[in-house]
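Note that the protein sequences, when read in sequence, are chains A and B. Residue 121, in our numbering, is where the first sequence stops; the numbers in between run on with no holes. Residue 1230, in our numbering, is where the second sequence stops; the numbers in between run on with no holes.
Everything labelled a hint here was simulated from the structure, so no lab data went into it. Beta carbons: idealized from backbone N, C-alpha and C, even for Gly. It is possible that part of the hints are untrue.
No farther apart than 30 Å at their CA atoms in a straight line, the calculated lysine-lysine pairs in the DSSO-like style are these [as the list claims (entries may be wrong)]:
#, chain 1, residue 1, chain 2, residue 2
1, A, Lys2, B, Lys1171
2, A, Lys2, B, Lys1093
3, B, Lys1171, B, Lys1064
4, B, Lys1093, A, Lys115
5, B, Lys1064, A, Lys5
6, A, Lys105, B, Lys1171
7, B, Lys1093, A, Lys82
8, A, Lys105, B, Lys1064
9, B, Lys1027, A, Lys105
10, A, Lys115, A, Lys105
11, A, Lys115, B, Lys1064
12, B, Lys1093, A, Lys53
13, A, Lys115, B, Lys1027
14, B, Lys1171, B, Lys1027
15, B, Lys1171, A, Lys115
Covered by chain B, per the in silico footprint, the following chain A stretches (three or more residues, Cβ under 8 Å) [unchecked claim]:
#, segment
16, 2-14
17, 70-82
18, 99-106
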Amino acid sequence: MKYLKQFGVILLVTAIGELIRSVVPFPIPGSIYGLLLMFVLLCTHVIRLEQVKEAALFLIEIMPVMFIPAAAGLIVSWTDLKPILVQTVVILVVTTVIVMVVTGKTAMFMIGQRKGGKSDE
Amino acid sequence: MNEMMSASASIGVVISLLGYWIGVQLKKKFGYGFLNPLLISIILVIAFLLVFRIDYDVYNSSAKYLSWFLTPATVSLAIPLYQQLERLKENYKAILVSILVGSITSMASVFLLALLFHFNHAQYVTFLPKSITTAIGMGVAEEMGGYAAITAATIIVTGIFGNVIADAVLKLFHIDDPIAKGLALGTSAHAIGTAKAMELGETEGAMSSLSIVVAGMITVIGANLFATLL
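Please work from the sequences and hints to get the whole structure.
As structure tokens, then:
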């Protein structure tokens, strides 16, 4: 019963997020409004951690499998991708690595600064 | 085979879970970084559909129930975020600057490569939101006149790629602080990167979740500016 209740609370916040999405004209999905709303509700103690924790952590744990159907959908978009395949691969590989390294290094540097002078580089 | 498959409302989920299970077992047995359970499961599912000539729509008519869980799972990312509230407050400056720098780097590198490949405007804006979460990215691409279907595909492949290379890249470039790891993963590979960050640790996961939100917002605004460049 506890898990069902927790899942219910998460779904309620999710539904409100989707409602917000339907009235706000930005290309931001309901899940992001839901995430922000959940965060605010936790910070203001309207929702307590123990009312959502286990169900939330379970959903997060199994998150990778939720991407499988969309990723298998590459079969369908393959015809669109094929003509620009080489360019697509180059862009994907190069930018993903660069962004990962630049973001990580910037964070390392900033955290090093904050901890008092001992920077990463 | 198509008819057999359509007779069941759960077979697509079963195939997906089975593929993931095989991926987890292979990873356990051999332990190589490139044996990523998510990547293996996707390859297995696609192979299965091709070998048995099953339409994607038939598979997805039941597998879509797995995708449905993505929205509440994304909302759930607020929980680790809240649990890391203290860390968040302590490091808010580092966090915001890193995600901002990362998001701009993403759009700038797409811009430079688009120049190199002589892309037209529509092709260019298709790739502009490639590092952010699918739902936001597709909306951004569509609004600016890109091909949303290709954007969705590149976003997913970006996520999987980021998920797979994370261990190697973070190690190679000595990114060893949990906060830095999480920000790097979330900013470069959105929710699929966050799934990886969650495996690395609670702090990594929380920072990565935060990156999805912040990078998404920055890109919604930034992409409009970058779109005017080409």
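Each hint, compared with the structure:
Our distance criterion of 30 Å between C-alpha atoms is broken by Lys2 of chain A and Lys1171 of chain B, whose separation comes to about 40 Å. At most 30 Å may separate the alpha-carbon atoms for a hinted pair to count; Lys2 of chain A and Lys1093 of chain B exceed this at roughly 38 Å. In summary, the hint linking Lys1171 of chain B to Lys1064 of chain B is not supported, as the alpha carbons are separated by about 36 Å, beyond the 30 Å threshold. Distance restraint check for Lys1093 of chain B and Lys115 of chain A: the Cα-Cα separation of roughly 13 Å lies within the 30 Å cut-off, and the hinted pair is therefore satisfied.
A C-alpha spacing of about 24 Å is found between Lys1064 of chain B and Lys5 of chain A, which places the hinted pair at or below 30 Å, so the restraint holds. Taking the CA atoms of Lys105 of chain A and Lys1171 of chain B, the gap is about 12 Å. The hint holds against a cut of 30 Å. Distance hint between Lys1093 of chain B and Lys82 of chain A is unfulfilled; the C-alpha atoms sit about 42 Å from each other, more than 30 Å. At most 30 Å may separate the alpha-carbon atoms for a hinted pair to count; Lys105 of chain A and Lys1064 of chain B exceed this at roughly 38 Å.
For the proposed pair Lys1027 of chain B and Lys105 of chain A, the alpha carbon gap of about 29 Å is at most 30 Å, so the pair holds. Annotation: proposed proximity of Lys115 of chain A to Lys105 of chain A holds, straight-line Cα distance about 15 Å (limit 30 Å). Straight-line distance between C-alpha atoms of Lys115 of chain A and Lys1064 of chain B comes to about 46 Å, which puts the hinted pair past the 30 Å bound. The hinted pair formed by Lys1093 of chain B and Lys53 of chain A meets the criterion: a straight-line CA distance of about 28 Å does not exceed 30 Å.
Between the alpha carbons of Lys115 of chain A and Lys1027 of chain B the distance comes to roughly 37 Å, so the proposed pair goes past 30 Å and is violated. Note on Lys1171 of chain B and Lys1027 of chain B: the hinted pairing holds, with a Cα-Cα distance of about 19 Å set against a maximum of 30 Å. A distance of roughly 22 Å separates the Cα atoms of Lys1171 of chain B and Lys115 of chain A; the hinted pair therefore holds under the 30 Å criterion. With a threshold of 8 Å between beta carbons, the proposed coverage of the segment 2-14 of chain A by chain B holds, since 5 of its residues qualify and at least three are required.
Only residues whose beta carbon comes within less than 8 Å of a beta carbon in chain B count, and the segment 70-82 of chain A has 10; three or more means the coverage holds. With 8 residues bearing a CB less than 8 Å from a CB of chain B, the segment 99-106 of chain A meets the requirement of three and the coverage assertion stands.
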